[in-house]
Amino acid sequence: MKGISKLKSSLKKLFLVLFFIPLSAMADWALNMREGATPISQEIYNLHMVTLWVVTIIGILVFGVMFWSIFHHRKSKGAKAAKFSHSTTVEIIWTIIPTVIIISLAIPATKLLIKMDDTSEAGITIKATGSQWKWKYDYLDGVGEGLTFYSSLDKDSKEVSQRDSGLNPMESENYLLDVDEPIVLPVNTKIRILTTAQDVIHAWWVPDLGWKRDAIPGFINDNWAVIEKPGTYRGQCAEICGAGHGYMPIVVKAVSMDKYTEWVEDKKLAIAAEKNTSDIVLNMEELMTKGEAGYKAQCLVCHQANGEGIKGAFPALVKSPVSTEKGRRLEHIHQIIYGKNLMPALGHLSDVDIAAITTYERNAWGNNTGDIVQAKEVAEARKIPKK
Amino acid sequence: MSTLAHDDHHDHKPTGFKRWFFSTNHKDIGTLYLIFALIMFFVGGAMAMIIRAELFQPGLQFVDPQFYNSMVTVHALVMIFGAVMPAGVGLANWMIPLMIGAPDMALPRMNNMSFWILPFAFALLLSTLFMDGGAPAGGWTMYPPLVLQTGNAFPFLIFAVHFLGISSIMGAINIIATVFNMRAPGMTLMKMPLFVWTWVITSFLLIASMPVLAGGVTMLLTDKYFGTSFFDAAGGGDPVLFQHIFWFFGHPEVYILALPAFGVVSQIIPTFSRKPLFGYASMVYATASIAILSFFVWAHHMFTVGLPIKGELFFMYATMLIAVPTGVKVFNWIATMWKGSMTFETPMLFAIAFVILFTIGGFSGLMLGITPVDFQYHDTYFVVAHFHYVLLTGAIFALMGAAYYWLPKWTGFMYDERLGKIHFWLSLISSNVLFFPQHFLGLAGMPRRIPDYNIQFADFNMISSIGGFAYGISQLLFVYIVIKCAMGGKKAKAVSWEGAKGLEWSVPSPAPFHTFETPPKLTKEMLEH
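Going down the list, the sequences are from chains A and B. For the first sequence, counting from 1, position 236 maps to 236 in my numbering; every step adds exactly one. Heads up: take any position in the second sequence, counting from 1, add 1000, and you land on my numbering.
A couple of the hints might just be wrong.
Calculated cross-link-like contacts (lysine-lysine; reagent style DSSO-like; alpha-carbon spacing at most 30 Å) [stated by the list, open to error]:
no. : chain 1 : residue 1 : chain 2 : residue 2
1   : A       : Lys115    : B       : Lys1310
2   : B       : Lys1224   : A       : Lys136
3   : B       : Lys1191   : A       : Lys80
4   : A       : Lys80     : A       : Lys155
5   : B       : Lys1191   : A       : Lys75
6   : B       : Lys1013   : A       : Lys340
7   : B       : Lys1521   : A       : Lys83
8   : B       : Lys1224   : A       : Lys80
9   : A       : Lys383    : A       : Lys326
10  : A       : Lys387    : A       : Lys340
11  : B       : Lys1339   : A       : Lys77
12  : A       : Lys75     : B       : Lys1339
13  : A       : Lys326    : A       : Lys386
14  : B       : Lys1013   : B       : Lys1493
15  : A       : Lys311    : A       : Lys340
16  : A       : Lys75     : B       : Lys1493
17  : A       : Lys296    : A       : Lys155
18  : A       : Lys190    : A       : Lys268
19  : A       : Lys83     : B       : Lys1421
The set of hints was computed from the structure by calculation and includes no laboratory data. Keep in mind the model is a prediction, meaning the values are calculated, not measured.
Could you put the whole structure together from the sequences, leaning on the hints where they help?
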């Protein structure tokens, strides 16, 4: 019997170790906040640690007294209950001491908050606009002014995160924390970051910068950061914004000013190239391939992989009038460009992307209209006013 | 004492459906609230199990993100409005008249309505789970514009909230009227048990805050259906206005959840320490201070919306200040224990655990109140850890302690002490395994209200989920203990606990259907202090 229970216990231990190894290989046992990449994030970390120490010491003292009492003042040990029931002196002492402790925490907190409030004299200003469910970045001032692009969850994460995808997130280090277009910023420059939103409240948070700020539709908040260490910093939306809330991360790449200026030039060219797609002509196979990728990136989260949508919330595209009737082709394209009700506008996508998605939706899942939509048709559709 | 012997032969009461549906008896209505709360605890608990199952590993295994958000939303609404608040009101109904020597509540028919509104309101809310478009999924905090994207469930949500508010307001009015008018002669306000004090103060919080919530959700309703734009910038409004209105209710609300728990613990600890509550007057003033201060701190839930700096500073100072009277209460409980003659039956175990764990929740609360650092904690699992410490290992532990404490009085039988202790230890260990790691997750950067997460958060999520499943299963033991106790066991004495003091222990166990039909003559021994 002894041998078997020993074996059982060893097997249990082995199982636990093997079970947790793959987890711990890539996962983290992080216990604490990070110090971050900016002087402010460092100050925030320091204040956090001071407060943590204060409450830990208070806890040890208070619970220590309590446990001592539990062990010594028990009936089973023969303790006889005392009769005292109040003491004004003691009440005064244990009111004043906590008040002093609190004031001494409030003073550095006040100083830090005042520092964080000063967004003036920034070298570069960017605006982050949250929408369901991605970020749009505009470089408004300083080197890079005029750049605008969208930043969405990267393709791999999108695939792996599908329910029953059969793919293992543990194999991607930046699962749900990577995007197709990171923001690039220069180090050692004061960056002013404006936040706002298109539809519902979102929040822009990069822990390494030390703060988050809500992105509120119709209002603009501002904040600032000076990134001292070059590197890649990842964050997430931090205000519930619907089904895609967990799927709209933020990636900031901080590089030297030289590298940044290079990137700005390259980006400007890339964006210009993407704009002029209306002359591109593709065949059905190419459109379906490109359209499927575009559908996965932009539409799947609501309309689902099988095009069935979610009853009562997101309409089905399978056999839907808009995606199958010949007379509603323009309406279909317009709906993608302008959105409708809860569906956000996707007009920022290039003509060829919208053409591919439209073609895909009109032919996939047995819709089989045979319709081919080219980029030119989309460009024309933009000129026709929406009904 | 002799006046009480009459009560038994008055005991003709209706039976069956009529007894329960038309009850005007504070004991029966108290029982209804408590049973309802226990059922809702499991409904909300089942949703928590779904949440923790999905978060057990990275990847999306069981539910889709929209449904996940519904679970998060309805779990909170059910636990706050369906479990903790009704349980507190159930205790108030049962115990306040007994503690002050009154025959019943001041307004017994309104009392009945206050209860029966609850199953109706929750039928409205829970029915949305089965609707097209699903249950509300914008968080229990219902922020616009997101909440306005709710489909068919939206009016059900709003009306459920209205009815819940009406029930609470009526209950609060009843408690104030009862305590201010029906105390036995000689029981001055400063001689009342602290549980009664905490409920009186809670009642004022309810009356002041619930109508504000009603106003806010009505503005949501008109924004969605009647063309107003209170919360829509395009029409001249502001989504943040809702947050101010909501949290003006929301912050006193969390004290509404906590204060009755404070009251319970203030009853249990003196009993099992065989020593009077230390600093009674100080406890009353501290509770009142907490209640008053609670109206000045609401924006600490909104530190990241972009308030002007003077606002941020004011709310930071007020928030940090609340720690002082709360600390005073903790010190007074410990001073009650100090140099007592303690035994550790199940109610005392829960009460002691409350003091420690609520205090830990208070520590993370203080940390959250420091605005510049809150910019890192806000909307992360650090907040989730904080409020579950104060609400589960805080309020709910106290409520369970109360159940064990007063079950002998309610049923006439002692519950199974061995099983009670097992339930306690299982709950204590599992709830800490469940929530302590969430502090680390929040500090490491995991946001709230997400169904899936990066692999760096995998380990602690797995541990947390295991704690969650263990906690959920161990609560079934509590149901077994309660039912077993109601069905029989060792007969309970009138004074069911050796150190118990107060009027409720001067009536038989189980308490007769009608008690104190004539006011008791108060002697020094009958009073707690």
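Hints, one by one, checked against the model:
| no. | hint | in the structure |
| --- | --- | --- |
| 1 | A/Lys115 - B/Lys1310 | holds, 13 Å |
| 2 | B/Lys1224 - A/Lys136 | holds, 27 Å |
| 3 | B/Lys1191 - A/Lys80 | holds, 25 Å |
| 4 | A/Lys80 - A/Lys155 | violated, 71 Å |
| 5 | B/Lys1191 - A/Lys75 | holds, 27 Å |
| 6 | B/Lys1013 - A/Lys340 | violated, 61 Å |
| 7 | B/Lys1521 - A/Lys83 | holds, 25 Å |
| 8 | B/Lys1224 - A/Lys80 | violated, 65 Å |
| 9 | A/Lys383 - A/Lys326 | holds, 20 Å |
| 10 | A/Lys387 - A/Lys340 | holds, 12 Å |
| 11 | B/Lys1339 - A/Lys77 | holds, 12 Å |
| 12 | A/Lys75 - B/Lys1339 | holds, 10 Å |
| 13 | A/Lys326 - A/Lys386 | holds, 18 Å |
| 14 | B/Lys1013 - B/Lys1493 | holds, 24 Å |
| 15 | A/Lys311 - A/Lys340 | holds, 17 Å |
| 16 | A/Lys75 - B/Lys1493 | holds, 21 Å |
| 17 | A/Lys296 - A/Lys155 | holds, 9 Å |
| 18 | A/Lys190 - A/Lys268 | holds, 22 Å |
| 19 | A/Lys83 - B/Lys1421 | holds, 29 Å |
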